[in-house]
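Novice: Each chain is listed here by its residues.
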Amino acid sequence: MSSQKITLTPPRKSGWQLPALVLLLGVVWLLVWPQLQAIADWLTYDLIGLLPETRLGESVNFFLYDVPKILMLLAGMIFLVTFIRSFFSPEQTRAALGGRREGVGNVLAAGLGVLTPFCSCSAVPLFIGFVESGIPLGVTFSFLIATPVVNEIALAMLFGLFGWQIAGLYLVSGLTIAVVGGMIIGRLHPEQYVEEFVWQVKVGQTGDVTYKPTWDDRIRDAGRSAKEIVGKVWPFVVIGIGIGAGIHGYVPEDFLVNVMGREAWWSVPTAVLLGIPLYANAAGIIPVVHALMEKGAALGTVLAFMMSVVALSLPEMLILKRVIKLRLIAIFIGIVAVAIIFTGYLFNWVIG
Amino acid sequence: MLKIKVLGPGCANCKRVEQIARSEVEKLGVAAEIEKITDYAQIMAYGVMSTPGLVIDGKVVAYGRIPTNQEVTNWLIAAQN
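Going down the list, the protein sequences come from chains P and Y.
Counting from 1, position 320 in the first sequence corresponds to residue 320 in this note's numbering; the numbering is continuous, with no gaps.
Counting from 1, position 3 in the second sequence corresponds to residue 3 in this note's numbering; the numbering is continuous, with no gaps.
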């Protein structure tokens, strides 16, 4: 059967070509970025011939400016994030968290939760692996909360649409929720809610598999995931921006002040409760949220809604049902929801 | 006969690894049996915490990422010799 002559290819070495390509693309990106508004203006008012200061003109201009801007930003950010994450792994994270006390452990776990590459279907083996190596459950939960609460797509979109201050606020509040939430869960004696078999699992040794990606591997993976994610979310972005553009052009100023403004105290918990069963892509929801804010919705309310939609996704939570009892999942969701509500109020109060 | 195992609960990434393994086995024309391991205790017994994992003849060759076709071919040839 194996009479064909097949030779083993030698391990690839990194050349200068790929880094040079990345650098070139980066320069092009930086040159195009500041011109986007001018391009959108030219397309709307000169090429299509719409009049500025009209509803249709404003809407179309908003759309033509936001779509390329968000897509460029997503591609760039995902590339960067994947590249940075290629220096972390769940195994290293587990080793780093081993033997940490609560407190320091929670902070470290929240930070690593953001940086460690991890797909949601790995949640169960990761949980077992953490528990088995003696990492306290509260610390493990800080990790598990940080991963969905600080969503890289949401971070990129906030940065692009609202600026670095608000993106930074989102990052810091997400991390705080993860640290505090994990510490509270740690106090509730969560051991009783962990399924029996978890304590019995014997974790084997992987042996001598050490995968050391080359620089080319890291760049290629980052490029691949940027392409994949943008390829998957672009329709949501376009639809989201389309709705946002409609709101931008046609909904009167201050229309939402009474319903979603900071004076409406009930709007924050309502937004969070509405967001739990809803699960939408961060890429689609944020342009809508951006447009709502222009019409008088308060930042805290809107951020709370977004965090709840993105972070509290029931299907992903229920994956954990294999290892923890429903009661603890409910506690988990409850704590995160309350923390998000609190964050919403805080923002509404701080930023007037 | 090579025994190939794909470790993972069955998400998109795990399916990709299985596909790659199947296509490379076919291309090389080696005799192999491909099995999917979805049971968490069994997955953990290999020491694999981040799925998907790939095991050839009892040896974990990759985990926590999707290997390239070329890598899988190399491992298959190495395992056969």
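These aren't lab readings, by the way, just hints derived from the structure by calculation.
All values derive from a computational prediction rather than experimental measurement.
Careful: at least some of the hints might be erroneous.
Claimed, not checked - To list a few chain P residues with every Cβ distance to chain Y over 10 Å, as calculated:
1) W33
2) A40
3) S59
4) L73
5) G76
6) V124
7) W164
8) V203
9) Y345
To be verified - Restricting the straight-line Cα-Cα distance to at most 20 Å, the calculated cross-link-like pairs of lysine-lysine (PhoX-like) are:
10) Y:K15 to Y:K3
11) Y:K3 to P:K212
12) Y:K15 to P:K232
13) Y:K3 to Y:K36
14) Y:K59 to Y:K36
15) Y:K15 to Y:K36
16) P:K232 to P:K69
17) Y:K3 to Y:K59
18) Y:K59 to P:K202
Idealized CB from N, CA, C, for every residue including glycine.
Novice: A separate judgement is required for each hint: does it hold in the structure or not?
Specialist: Here is how each hint holds up against the structure:
1. Every CB of chain Y is more than 10 Å from the CB of W33 (chain P) (nearest about 31 Å), matching its label as outside the interface.
2. Consistency note on A40 (chain P): stated as away from chain Y, and its beta-carbon is indeed over 10 Å from all of that chain's, at 35 Å minimum.
3. With a least CB separation of 36 Å from chain Y, S59 (chain P) remains clear of the 10 Å interface cut-off, as annotated.
4. Even its closest Cβ contact with chain Y, about 25 Å, leaves L73 (chain P) beyond 10 Å, as expected for a residue assigned away from the interface.
5. No beta-carbon of chain Y comes within 10 Å of the beta-carbon of G76 (chain P); the shortest separation is about 23 Å.
6. With 10 Å as the threshold on Cβ separation, the claim that V124 (chain P) sits away from chain Y is violated: the shortest Cβ distance comes to roughly 5 Å.
7. Against chain Y, the non-interface label of W164 (chain P) holds: every CB pair exceeds 10 Å, the least being about 31 Å.
8. Taking the minimum C-beta to C-beta distance to chain Y, about 5 Å, the non-interface status of V203 (chain P) is violated against the 10 Å cut.
9. With a cut of 10 Å on Cβ distances, Y345 (chain P) stays outside the contact zone with chain Y, its closest approach being about 37 Å.
10. Of the pairs offered as hints, the one joining K15 (chain Y) and K3 (chain Y) holds, with about 17 Å between alpha carbons and a cut-off of 20 Å not exceeded.
11. Proximity of K3 (chain Y) to K212 (chain P) is assessed by CA-CA distance (about 25 Å); at most 20 Å being required, the pair is judged violated.
12. A threshold of 20 Å between alpha carbons decides the hint, and for K15 (chain Y) with K232 (chain P) the separation of about 18 Å falls inside it, so the pair holds.
13. A hinted pair counts as satisfied when its Cα atoms are at most 20 Å apart, and K3 (chain Y) with K36 (chain Y) qualifies at roughly 11 Å.
14. A hinted pair counts as satisfied when its Cα atoms are at most 20 Å apart, and K59 (chain Y) with K36 (chain Y) qualifies at roughly 15 Å.
15. With a CA separation close to 9 Å, the supplied pair K15 (chain Y) and K36 (chain Y) stays within the 20 Å bound.
16. In summary, the hint linking K232 (chain P) to K69 (chain P) is supported, as the alpha carbons are separated by about 17 Å, within the 20 Å threshold.
17. Distance check on the hinted pair: K3 (chain Y) and K59 (chain Y) sit about 10 Å apart at the alpha-carbon level, within 20 Å; holds.
18. Of the supplied pair hints, the one linking K59 (chain Y) and K202 (chain P) holds, its CA atoms being roughly 17 Å apart against a limit of 20 Å.
When each numbered hint is compared with the structure, violations occur for hints 6, 8, 11.
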